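*Asks:* Sequence:
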Amino acid sequence: MLRPIDRLGFGPTRVVCEDGEGGYIVMVTPPKVLGSKPTVHVSLTADQYARYLKWENGMLMQNALPDLDAATREMLMTGLCDEDFHKATRSDQ
1 MLRPIDRLGF GPTRVVCEDG EGGYIVMVTP PKVLGSKPTV HVSLTADQYA
51 RYLKWENGML MQNALPDLDA ATREMLMTGL CDEDFHKATR SDQ
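Residue numbers (our numbering): 1 to 93.
In short, the hints are calculated from the structure, not lab data.
Since the model is a prediction, treat every value here as computed from it, not as a measurement.
Careful: at least some of the hints might be erroneous.
Result set (EDC-like, lysine to aspartate or glutamate): computed pairs, CA atoms no more than 20 Å apart in a straight line [unchecked claim]:
1) K37 to D67
2) K54 to D69
3) K37 to D82
4) K37 to D84
FRET-style restraints, in silico, Cβ to Cβ [stated by the list, open to error]:
5) S36 to M59: 29 to 35 Å
6) D47 to K87: 31 to 37 Å
7) G20 to K87: 30 to 36 Å
8) R90 to T39: 18 to 24 Å
9) T13 to A71: 16 to 22 Å
10) E21 to K87: 30 to 36 Å
11) G58 to C17: 20 to 26 Å
12) E83 to N57: 14 to 20 Å
Cβ atoms here follow ideal geometry from the backbone N, Cα and C, with glycine treated the same way.
Using the sequences provided together with the hints, build the complete structure.
*Replies:* As structure tokens, this is what we get:
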């Protein structure tokens, strides 16, 4: 299930590949509207990948992958590391 932002082409792009050891690597490229940020790579076990797929189908990320820290979950969702996320959401008010 694609989220509205992804359907409009403003979401990050994700490529998943097997790591050769029974796990997966999710490569997430942030949306171009955030500038030219590099692709981030997140390694997941087979179990974590199964739960990642549940997130792609609508489950909340913190419920799907509570064993990952918040920064790693953010990278999976947006492709942004902590520093980039804070820069992108910073308010100068």
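*Asks:* Hints first: check each against the structure and report whether it holds.
*Replies:* Structure-based check of each hint:
no.: 1; hint: K37 to D67; result: violated (26 Å)
no.: 2; hint: K54 to D69; result: holds (18 Å)
no.: 3; hint: K37 to D82; result: holds (13 Å)
no.: 4; hint: K37 to D84; result: holds (8 Å)
no.: 5; hint: S36 to M59: 29 to 35 Å; result: holds (31 Å)
no.: 6; hint: D47 to K87: 31 to 37 Å; result: holds (33 Å)
no.: 7; hint: G20 to K87: 30 to 36 Å; result: holds (34 Å)
no.: 8; hint: R90 to T39: 18 to 24 Å; result: holds (23 Å)
no.: 9; hint: T13 to A71: 16 to 22 Å; result: holds (20 Å)
no.: 10; hint: E21 to K87: 30 to 36 Å; result: holds (34 Å)
no.: 11; hint: G58 to C17: 20 to 26 Å; result: holds (24 Å)
no.: 12; hint: E83 to N57: 14 to 20 Å; result: violated (30 Å)
Consistency note: the structure conflicts with the earlier hints numbered 1, 12.
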